[in-house]
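Read top to bottom, the protein sequences are chains A and B. If you're matching positions, the first sequence starts at 1 in our numbering and goes up one per residue. If you're matching positions, the second sequence starts at 1 in our numbering and goes up one per residue.
These are calculated hints, taken from the structure and not from any lab test. We put the beta carbon where it would ideally sit given N, CA and C, even for glycine. Hints may contain errors.
No more than 27 Å apart at the CA atoms, straight line, and that leaves these computed lysine-lysine pairs for DSS-like [to be verified]:
#, chain 1, residue 1, chain 2, residue 2
1, B, Lys13, A, Lys35
2, A, Lys16, B, Lys13
3, A, Lys51, A, Lys35
4, B, Lys13, A, Lys153
5, A, Lys51, A, Lys148
6, B, Lys92, A, Lys16
7, A, Lys148, A, Lys126
8, B, Lys44, A, Lys35
9, B, Lys44, B, Lys13
10, B, Lys13, B, Lys142
11, B, Lys92, B, Lys142
12, B, Lys142, A, Lys16
13, A, Lys51, A, Lys16
14, B, Lys92, B, Lys44
15, A, Lys126, A, Lys51
16, B, Lys44, B, Lys142
Some, not all, of what chain A presents toward chain B, calculated at C-beta under 10 Å [what the hints assert, rightly or not]:
#, residue
17, Ala15
18, Ala29
19, Asp105
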Amino acid sequence: VAPVIRTYHPENRLAKALASPGGITVGLALNRAEKALDDMRPECLSALDTKIEQIDATASAASFSSTESAIEAVYALSSEILHEAGMFGLAELSEVARSLCNLTDSLRQTASLDVQAIGVHVATMKLLRRPDVESDPPTRAAVLDGLKQISVKAAGGKT
Amino acid sequence: MRRMAGALDASRKLNLERISVLALEQSVFSRTILSQMLRGFGVKNIHSPRSAADALITTESSVFDLIVVDPTFDAGGGLEFARLLRRASGNKNRFAPMILAIGHSTKNAVGISRDAGANLVLSKPFAPKTLLERILWAAADKRPYVEVGAYVGPDRRFKDEGLPGNPPGMRASDQLRTSVGTAGEPSQPPDQSAE
Numbered sequence: 001v002a003p004v005i006r007t008y009h010p011e012n013r014l015a016k017a018l019a020s021p022g023g024i025t026v027g028l029a030l031n032r033a034e035k036a037l038d039d040m041r042p043e044c045l046s047a048l049d050t051k052i053e054q055i056d057a058t059a060s061a062a063s064f065s066s067t068e069s070a071i072e073a074v075y076a077l078s079s080e081i082l083h084e085a086g087m088f089g090l091a092e093l094s095e096v097a098r099s100l101c102n103l104t105d106s107l108r109q110t111a112s113l114d115v116q117a118i119g120v121h122v123a124t125m126k127l128l129r130r131p132d133v134e135s136d137p138p139t140r141a142a143v144l145d146g147l148k149q150i151s152v153k154a155a156g157g158k159t
Numbered sequence: 001m002r003r004m005a006g007a008l009d010a011s012r013k014l015n016l017e018r019i020s021v022l023a024l025e026q027s028v029f030s031r032t033i034l035s036q037m038l039r040g041f042g043v044k045n046i047h048s049p050r051s052a053a054d055a056l057i058t059t060e061s062s063v064f065d066l067i068v069v070d071p072t073f074d075a076g077g078g079l080e081f082a083r084l085l086r087r088a089s090g091n092k093n094r095f096a097p098m099i100l101a102i103g104h105s106t107k108n109a110v111g112i113s114r115d116a117g118a119n120l121v122l123s124k125p126f127a128p129k130t131l132l133e134r135i136l137w138a139a140a141d142k143r144p145y146v147e148v149g150a151y152v153g154p155d156r157r158f159k160d161e162g163l164p165g166n167p168p169g170m171r172a173s174d175q176l177r178t179s180v181g182t183a184g185e186p187s188q189p190p191d192q193s194a195e
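Generate coordinates for the entire structure from the input sequences, incorporating the hints supplied.
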């Protein structure tokens, strides 16, 4: 029996509003959004450091409530860093956070907290946030490359 | 301007002053980042409930022109919110344009988001230009909505013709309808051809 298909043609209110008189140009809209982000930058970068510390504390705490909750906490924090660091041009930090997301996502399957692997990511993130490293693109690239090499070795060691 | 508008016509006028946006983001800063971008675009009315349950209640009493959801909002409640809203007969926001903003996106996550009924999936991090492009795309989306089996959302039989202006340099991962493969559940029986 073929499934019943119901089709709807709702009004797109967004399209109607966009085309209404008034408003601003795309150029001005983008300028204003960029300016608003720039204004937030110091506060957001400070919050990133706090999140890195929270991951460190979560992974190294001897008495987290459960392995699953610790994994979820690390995943949530690294996902936030991925987005927020990327928003402010910290591409390498965002990449390390993505790597940590991948790691914790895989840890969900085994329900085991790989404290050592998380610790390597935390150390890398802290290093990237050091002013002398943050202001030096080749060093940042080398730090990220180092993490990738460690990840490859670790993956090779498990197979 | 730090980043150029690219294929977006910088002189084009748009009016987002009167729209209402429902923005569901997990962290305080992600929520603030999204709100600040939207305010930069001229949006004045932004609602950010703290839970998926509150968000659903809000949709029963307020009308939204755009919904932006992080699927991980409220411990995965964002995705469930999307599914429930699309299936909420009588809800005025049932067919509101919906963008799912995914942080750590896997192919599986994008497919699941698509099957929840989203119009678009947006990979984080994203620049203001990318968000604005997606909003314009959502506004230009003329696809009807279909309800078939467990799926309620934009009709996926329609060909993807790209973003308005077809901007260069867009990441393939941002293009929902070109990156997710087949749906988890078909929006039409296999023996029916697309109209």
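Each hint tested on the structure:
{"no.": "1", "hint": "Lys13/B with Lys35/A", "in the structure": "19 Å, holds"}
{"no.": "2", "hint": "Lys16/A with Lys13/B", "in the structure": "13 Å, holds"}
{"no.": "3", "hint": "Lys51/A with Lys35/A", "in the structure": "24 Å, holds"}
{"no.": "4", "hint": "Lys13/B with Lys153/A", "in the structure": "53 Å, violated"}
{"no.": "5", "hint": "Lys51/A with Lys148/A", "in the structure": "22 Å, holds"}
{"no.": "6", "hint": "Lys92/B with Lys16/A", "in the structure": "16 Å, holds"}
{"no.": "7", "hint": "Lys148/A with Lys126/A", "in the structure": "16 Å, holds"}
{"no.": "8", "hint": "Lys44/B with Lys35/A", "in the structure": "17 Å, holds"}
{"no.": "9", "hint": "Lys44/B with Lys13/B", "in the structure": "17 Å, holds"}
{"no.": "10", "hint": "Lys13/B with Lys142/B", "in the structure": "21 Å, holds"}
{"no.": "11", "hint": "Lys92/B with Lys142/B", "in the structure": "18 Å, holds"}
{"no.": "12", "hint": "Lys142/B with Lys16/A", "in the structure": "12 Å, holds"}
{"no.": "13", "hint": "Lys51/A with Lys16/A", "in the structure": "41 Å, violated"}
{"no.": "14", "hint": "Lys92/B with Lys44/B", "in the structure": "20 Å, holds"}
{"no.": "15", "hint": "Lys126/A with Lys51/A", "in the structure": "11 Å, holds"}
{"no.": "16", "hint": "Lys44/B with Lys142/B", "in the structure": "25 Å, holds"}
{"no.": "17", "hint": "Ala15", "in the structure": "4 Å, holds"}
{"no.": "18", "hint": "Ala29", "in the structure": "4 Å, holds"}
{"no.": "19", "hint": "Asp105", "in the structure": "7 Å, holds"}
Hint violations for this structure: numbers 4 and 13, all remaining hints satisfied.
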